[in-house]
Structure formats: structure tokens, C-alpha cells
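From first to last, the protein sequence lines are chains A and B. For the first sequence, position 73 matches number 73 in my numbering, and the numbering has no gaps at all. If you count the second sequence from 1, you need to add 1000 to reach my numbering.
It cannot be assumed that every hint is accurate.
Heads up, incomplete: computed chain B residues facing chain A, CB under 10 angstroms, no partners named [claimed, not checked]:
#1 SER1023
#2 PHE1136
#3 LEU1160
#4 TRP1213
#5 TYR1259
Hints listed in this document are in silico derivations from the structure and should not be mistaken for laboratory results. Built from N, CA and C at the ideal position, the CB exists for glycine as well.
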Amino acid sequence: MTEASHIQARAPRGRTRPGKVFSIVLLTGIAVLILLPIVFTFLYSFFPESEIEAYLKLRGSYDDTQWLGVLLSPKLATIRQYYTILIEDPQYLKLFVNSVKYSAGILLGQALVIPMMAYALSRFTFKGRDALFFILLMLMVLPFQVTMVPSVITLRFMGLLQTPWAVILPMWFSPFYIFLLRQFMVGLPNEYLEAGMMDGAGTFRCYTHVVLPVCRPVLGAAVALSFADCWNLVEQPLVYLSSRTADQPLSVMFNQISTDNSGVAFAGAALYILPALFVYFYFQEDILLGVALSELK
Amino acid sequence: MFRRKKSVILYLLPGLIGLTAFSLAPFIGGVYFSMTDGTFQNNFVWFDNYKEIWQNEMFLLGLKNTMTLSLFCAPAIWLLSFLLSILLKSLGSRTVFFRNALLLPYLMPSAALLLIWLLMFDYGGVLNRILVGLGFSRVLWLEGSALRVPVVALYIWKNLGFSVVIFSSALQTIPEAYYEYARLEGAGPLRQARQITLPLLMPTAFLVFILGWINAFKIFKEAYFIGGAYPDEAVYTLQHFMNNKFARLDYQDVTTAAYSFAVIVFVFFGLLYATRAVRSADRT
């Protein structure tokens, strides 16, 4: 009997050891690969504008003898790019503020409407509840373009087309988040609400004092995921605000302004990423926990 | 659970009004819209628009591309996230960094990452360097049908983490005792995976697959960023067709295309649900 098999027999966990090292190496590799685009965006944002501009001009060459180098360190590390987009040229900042406005408007409305709807769908019994939930699932499956034209007609009828409200209002009723919250609330033990009712709380007090606090993780997850949607909004503003360039969010216009002033593109991208990064790190625990506790099965 | 409470209507009302106004009514109204001819008199033409659209080459191209892209993305994400979550589980509890690294792209705005992406896939870019280093020749990633690769890669990069999180949390709910018992009985890792992990993971796997597929149908964003409003044929999606028709005020074509697509989506999910129902009936 060799020594190796002897050790294995004594320590049953010994067998998983090499496997564990392999997993760690593989996962580290994948994680680095995934994070690299973000790291490089931040790195390039500290390069001088002229260097980035010259570098980006080298793209799209068909010359088989030439390579596009990877810039690793700037000739001169500078925050000039940030200065340009934040102070010298207000164009970027305006679009950034638009994006903030849309995200804030959408998230506030969603906070009012969506948890209430999920509460009704999960903690009440009423006629047509299952049908309503089914319709919700169907709406969730549909891509935006399917209801695009009729929505435009509805919005025009309401006088909202080509105003920021056309982007904000319909997003308040996002079926996916109703679904996500409902799946979480369905799993709450009945005792919580019964305890509330014993103390004389009505349905509303149960909602604000029992259900909402208990739902903290999934609410955090929903805020983070919904923020990601808002921050990345493309289809809706393209259609609903087609004639209002000044009202477009950064997500639609970023490519254009970064081709116009390629020297500051990376600082723009880095600043654009930053709020999403903050939101992510603030809510990361909630996302993991919220998804884990929802009955997403 | 509250029964026979009148107040439920108060909680439902805001959401119901909104959903009706912005989703349900447009959806139903659109059916009528797709059957009119769009002239001043707005004649009712039944299914003429549908007959026409199914002969429209660009529509068929867009439909084909949306289908191919999602047929590739959804299973790829499903498989990768399944494998990754198994890897994560094998590490035990110290996985926060990895899970964060995987999920972070989900919150990143695609537009901000586009430039790095284009640099990476450039003819002289990093990817081609690696290819040449491995002994292959360079590929023109940003032209022709190869354009699908950066589009799909950006999509997978962004959406992989969310599926991993769902899978991981499902894996955590499987009691460790099952595996211990299986080991005592002499079942190897493969057998454990097949007889414990897979069956218990089925419902989650189904959900991840569905969510993945829904989102893959919405792949327009990535294709739009990389290819623009009129991209190469290979990444011209159905949403491009609809958006461009919309820009030309051709509303009938947009709604007709939309409903043709909606029917396909509904049939598809109907079939998936039916097979699932049959399977679970078999089990019991």
C-alpha cells in the first residue's frame, strides 16, 4: 500500500484537496478575466488625452504586421480627462444628470407601487389572483418592442410622449420586480402576520411594520437590480424621446460623445461605472441573500 | 394569508392601473392595430399584414438572428453558471470574492465597457494576439459573421453572474447530509452529482433556463452598441427591424412583427411549461 492511499484512507477530506486548489486557481483566473475590462477602464482614465486619442486611432488597421499594443502605464499619470468632462465641457455632466434623474424617478415610483402589488399578490386571497399572476408572468416574458407601438399611442394620448415621463412612468410597473418581491413574500411564515394581527394591526400596519422590514434583503436586491436597468436604459429613451437629444440619458449618448472626444472616453466610462459600483457594493449582501431567500424555483 | 379583505384593492389599484395603461391595454390594442392597413381610413384587413411580414426578408433575417443568438446564449449561460456554481460550492464558504467578481458585470452599464471591448476584439487586439500565440491566424472579429462573437461575449460577460447566484443559492439548500450518506454508501462525485445534485436542482435549473432565454431574446442592447442601428447582417436582430421600422413610422409592420414574435415566445414557453408539468407528473 502506498503512502498516498494510506493518508487518503485516514483523512477522508484529503481527496478533495487537489480538487479544491484546482477550483481556486480556475475561479481566480475567471474572476480576473471578468474584472479586467473594468480595471482597464479605470486605468486608462488616468492617461493623458493625447495618448488615448493617438492609441484609439490605431484601431481598425488591417495590417498583418502590426499589433495594437496594450497600454500598461501612462507617460504621465493625470486626472486631466476628469477635469475636461467635469469642469471644462458640460456636455457629459448634463447627460450624467439626466441619467440620475431617470434612475431616481423610476426607483421612487417603483418603491411605491411594486412592494404593495407584491404584497397583495402574495398575502391576500382574492378572486382572479392566479390569473393576474399569470398575466404578470406573460408580460415579464415579452421584450419591450412587442408593446412599443401601442405604448407610444397610449403615451401620446396622455400627452407624455417626448417628455421624460414617457421613460419614467411605464417603468414603475416593471413585472419582473413584482415577480421577484412576490416570490420572496410568499415564503414569509404566516406567524409573522398573525402576530401583527393579534396586536391589532390592520393590513396596512402589517405591511409597513412587518412585511417591509422583513423583506429588507429582497428590497435591497430589487433596488440594485433595478438601478442597473435604469442606468443602462437604451430602448425606451431611443423610442420615446427620439426627438429630444437634450433629454437623453448617458446610456444612449455615451458612445456618440466618446467618439466625438475620444481622449476623454475612458474617464467618462469610469465615472459612468462608478455609481453602479457603489450601488453594487452597498447592496451586495442583499442581492445574494434576497435571491437565496426568494422562492425562485 | 388575509381572506376576504376589501382593502386588497387599495394595494392592487396603483399597480393594476399602471399595468393596464402601459402594458396590458397596449398589448390588446396592438392586436387590432396589427390588423389595420395604416391608411387614413384605417381599414380592417385581417391577417394581410401578417402574410406580408412573413415574406419580408429583413423580418425573417432579424427573427433568424434573434433565434440563433438566444439559442446560443441561453444554453451557454445555463451550462457555464451551473459549472461555476458547482466549483463555488466545492470551495465551501469562502466564496464572497468570486461571487462578487462574477455578479459585478450585471450592474455595469454596457455602453461604458464598449470601448474596451472593441479594443480587445480589434484586428491587432489582445484576442488575436492570443490566437496567433496559440498558432492560429488572426480573425476580423468586428466584421461579417464573426461579429456575433463579441456580441455574445459581451452578453455572457454581463449576464452570467446572476444565474450563478441563483444556482449557488439553490445548491446551498441541499442538505450536506445527503452527500455524506451517499459517500458512506460508496457513491463517487459523479454519481452524487447525477443522483442528488441534478434532481434537486431541476426546478431552479428550469427557472434559470427560462430567465436566461427571456433575457437572451432581449439581446438587442449589445448588438446595438457593437453594431449600431444598421449592423452587419449577422447581428441584425428582430429588435433592429422593429426599431428601424418604427423610426420610419411604419407602425403596422412593427406591431405585426411584434405579435408574430410574441406568439413564438408564448408557444415556446407554453411548450416548456407543458414538458415540465408532464415530467413532474411522472415523478409522483
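Item to complete: Could you tell me which of the numbered hints above are not met by this structure, giving the numbers in increasing order?
Response: Checked against the structure, the only hint that fails is number 2, while the rest are satisfied.
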